[in-house]
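S.K.: Sequence order for the protein chains is X and Z.
When we follow the working numbering, the leftmost residue of the first sequence carries the number 1, and every step to the right adds one.
When we follow the working numbering, the leftmost residue of the second sequence carries the number 811, and every step to the right adds one.
Everything labelled a hint here was simulated from the structure, so no lab data went into it.
Yeah, the Cβ is synthetic: ideal placement off N, Cα and C, and Gly gets one too.
Treat the hints loosely; a few may be bogus.
[Unchecked claim] Quick partial rundown of chain X residues pointing at chain Z, CB under 7 Å, derived from the structure:
(1) Tyr324
(2) Tyr341
(3) Ile342
(4) Leu452
(5) Ile464
[Said to hold, decoys possible] A partial selection of chain Z residues facing chain X, derived with a Cβ cut-off under 7 Å:
(6) Cys869
(7) Ser875
(8) Thr918
(9) Ala946
(10) Val967
(11) Ser986
(12) Ser995
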Amino acid sequence: MTNTWQDIKNANVVIVMGGNAAEAHPCGFKWVIEAKIENDAKLVVVDPRFTRTASVADYYAPIRPGTDIAFLNGVIRYLLDKDAIQHEYVRAYTNAGLIVKDGFTFQDGLFSGYNEDTHSYDKSTWDYELGPDGYAKFDDTWQDPHCVINLLKQHVSRYTPEMVSRICGTPQDKFLHVCELIASTSAPDKAMTSLFALGWTQHSVGAQNIRNMAMIQLLLGNIGVAGGGMNALRGHSNIQGLTDVGLLSNQMPGYMNLPNDKETDFDTYMSTRQFKPLRPGQISFYQNTRKLFVSLMKALYGDAATQENNWAYDWLPKLDIPLYDIIKAFEMMNNGQMTGYICQGFNPLQAFPDRGKIRRGLSKLKFLVTMDPLDTETSRFWQDFGPQNPANSAEIQTEVFQLPTTCFAEENGSLVNSARWLQWHWKAADAPGIAMSDIWIMSGIFHRLRELYRKEGGAFPDPILNLTWKYTDPISPDPEDLAKEMNGRALADLTDAATGAVTKAGTLLDGFAQLRDDGTTSSGCWIFCGSFTEKGNQMARRDATDPREQGIAPNWAWAWPANRRILYNRASADPAGKPWNPAKPVISWNGTRWVGIDVPDYTPTLDPSAGASPFIMNDEGLGRLFARKLMVEGPFPEHYEPLESPVENALHPKVQNNPVARVFANDRAAFGSPKNFPYVATTYRLTEHFHFWTKHALINAILQPEEFVEIGEVLAKEKGIEQGGWVKVSSNRGHVVCKAYVTKRIKPLTVDGKPTHVIGVPLHWGFTGQARKGYGANTLTPSVGDANTQTPEFKAFLVNIEKTSAPVAA
Amino acid sequence: MPLTRREFIKFTGLALAASSLGMLGFGESGEAQAAAVRPFKLTRATETRNTCTYCSVACGILIYSMGDRAKNARSNIIHIEGDPDHPVNRGTLCPKGSALLDVVHAPTRLRVPRYRPPGGTEFKDVSWDYALDRIARLMKDDRDKNFIAKNAAGTTVNRWTTVGMLAASASSSETSYLTWKAVRSLGMVVFDNQARV
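Using the sequences provided together with the hints, build the complete structure.
M.R.: Structure follows, in structure tokens:
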């Protein structure tokens, strides 16, 4: 989230699209109700189903799963046509006026530079035209046909209300009414907040869905302001934290990337990361990347990371492909290219696409380790549980270790919530039996490996032998020790160049501005720098005071970066530093410095007349309507059909799907066609369950005891399916036998002139725990991901449904 | 008189026992009845601040456990409720958070490390040393065999692709940092978390 949960109450329009906050984030959703009651906000919901969020909406519009970009590009067309944009904001704070290279084109569904053989783009034309001074050229009159705003206008011109309705199945009048509500927030003192979740990410075009709304928010001037923002309602309690700390194939702590094979040395790696400003006077924060990187390497390798060995650059693994994500991992497993797999609090047998493929992959491993408080399906994939998990144990040669761990109530530590708050929690009891913490277990495995390398030698032991481990209790490091290491310390006496103040060696740092690239500072996760200082554990702060009750609560816990609660908050004020919305200011310029209720996302004393733009992480300082080379499928979002779709792409039949989607041959063969699988399916959560854990909790297992699918009344009648009757739902990858819930909440849509039915598949069941046995929605879902992130396409795929008889009781 | 939440509970409990029945005119028999009223159980419990383990709203919760955390006393969690001081949830919990006690005490909570040999038809209990020694051995043998120090072009790449890991997105950031360190020092690149699902 760019903003906080409570800040939602400041919105004038709340749009929930790509999520269902009332059911998936109930206690956060109360702030939407607060906005409705206290701020007269309008709640708009666009969703394939009439969800509980929709049931309290001021306006609901249905949409076919997987067509959000058509809808959102239609909104942009509407805003530009009606001139319902916040002009001063767009001119000063976005790249609308920057001029794009001459060779950049878009034709028949493809941008310039496409290579059909490699399914990838040469992106050299996807960038700004540079002037002789090295700065990007711009035309503040917006006359140049190749400036971003004109290219955007041209790009979205095809997304007429007729076309939107034809693709999305949303009736035109409903689409236009949503446009009107969105457009009302182009006034400088009005804000719309966008709340979204996996309903947008789990598509082959997921990242572009989100970019598309971010572009709308920039056009409306809704980024950085109170009640605005792009608010990703994230999933697990610490999914934000794990992303922040970089537990992803290509990531390092604080959103730095692992090097790749082409970055053969440290200077080459740095050469593409220390962005020089692309417009005069810009801050371009990433000029500091070297300080962040060297401080991380000092945290990891201490004295062994030196100037001479490039701060141990070669000890980091390098990537030969963009990602070894989950889909790739299970492809490798199925191809016999993997030996072992460790699942820490993760249940891939129920969570990953194409469950049959997951089971076959696990069966080919030499060993599988699970670390979990609960008895997961994954840890028992080798055991026969009947049709829900057919297995011949004797034939499966995988050694399995099921390690019992503590749960949240049995440990100290911090979690990062959606709003980037690091909140500390405390242990209330010991774990049952001899279950141990993940910290103790990971340390135990690491110490044993290190001992083996000390004794036996072996493949490249240096990073293992030199990894810092200076914890008071090395067997089971105290979470506070680890938090301090992430925060960072001075390694030598540091003298502040401006004030002359000295920070003594060994002192915990106050913020990332103190980090240096000469090896005199360490920080294990630079964005957390300031969370645990000499003043104590800032994450444990519990002062809920909230100036003007504007939803900031600056002294409750600690937010990254720098305890900033609203990202890009410089954009909440006009170029002269005066708040756009005087009733809900965030920060403003008082003549000598930036002041307000939040920590400025800007240099605190930088005079507005210096002309530095608010988006300080971008080298041009501007919000990007044109994404340059940062997205794999293009600088503007374009509608591509899901990999399994009931219709042809109405815009460009020759480019049906995301042209740069990575699809493995076996997975492509497992796609189904609309001839055999005529219905669109989408997965989702129920409010009574959280993924596959809550079926282990008795109350939740009673509240929602068994697997079912939701279908509309028209389809039910057509197929002779009764309320609560048994059905067989199949995709080309497998089938599920469960009950049908016949509902008024899903109605057929008219897509390209044809009636299209949507089937809802809640995802919570499996064969362990206290609920009744179920197959799991992932039995049906296709193994293909978003082309940028490889997030699997769970939200739009094809199935068939048939009435069946009750299974014979076992 | 400023009262903490805990004192407030204790205070109202005692007040109820000592005075309200008396005020209703029960006299001495009221006192006898008041003495028999069972004190509110939470007044004897230890209160611990925590965060709901499920979604990323991260509602504040209060965990109540019996046992005073003395070395020889084993705490037992008896109640979990929303933290009224928390600025986001303000004491509320959803159907998942309200049932947290049931997941803490789920009958399928794991208690002992278990091992299933190749072709085995059931798990058997093993010691931590057995499990961790064996896992370390398997990992080292594979790493030594399959570690890629240089690619075909002769570039130092130091990666290990044949053993992978999924990290837990409900574990603490401190756990995740230690996990990151250990995993990357081995050169592991097949590494992911729940961000995608």
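S.K.: For every hint, state whether the structure bears it out.
M.R.: We went through each hint and held it up to the structure:
1. With its C-beta approaching chain Z no nearer than about 4 Å, X:Tyr324 sits inside the 7 Å limit, and its interface hint holds.
2. Because the smallest distance between the Cβ of X:Tyr341 and any Cβ of chain Z comes to about 5 Å, under 7 Å, the interface hint for this residue holds.
3. For the restraint placing X:Ile342 at the interface with chain Z, the shortest Cβ-Cβ distance is roughly 4 Å, inside the 7 Å limit, so the hint holds.
4. The beta carbon of X:Leu452 is positioned within 7 Å of a beta carbon in chain Z (closest approach about 5 Å), and the interface hint is therefore held.
5. Taking 7 Å as the C-beta contact cut-off toward chain Z, the hint placing X:Ile464 at the interface holds, the least distance being around 5 Å.
6. With 7 Å as the threshold, the beta carbon of Z:Cys869 comes within range of chain X, its nearest partner Cβ sitting at about 5 Å, so the hint holds.
7. A distance limit of 7 Å between C-beta atoms decides the matter here; for Z:Ser875 the minimum to chain X is near 5 Å, and the interface restraint holds.
8. For Z:Thr918, the interface hint holds, the least distance from its beta-carbon to any beta-carbon of chain X being 4 Å, beneath 7 Å.
9. For Z:Ala946, the shortest C-beta to C-beta distance to chain X is roughly 4 Å, which falls under 7 Å, so the interface hint holds.
10. The restraint placing Z:Val967 at the interface with chain X holds, with a minimum CB-CB distance near 4 Å, inside the 7 Å limit.
11. At a threshold of 7 Å, the smallest CB-CB gap from Z:Ser986 to chain X is about 5 Å, leaving the interface hint in force.
12. Nearest Cβ of chain X to the Cβ of Z:Ser995: about 4 Å, under the 7 Å cut. The hint holds.
Hint violations for this structure: none, all hints satisfied.
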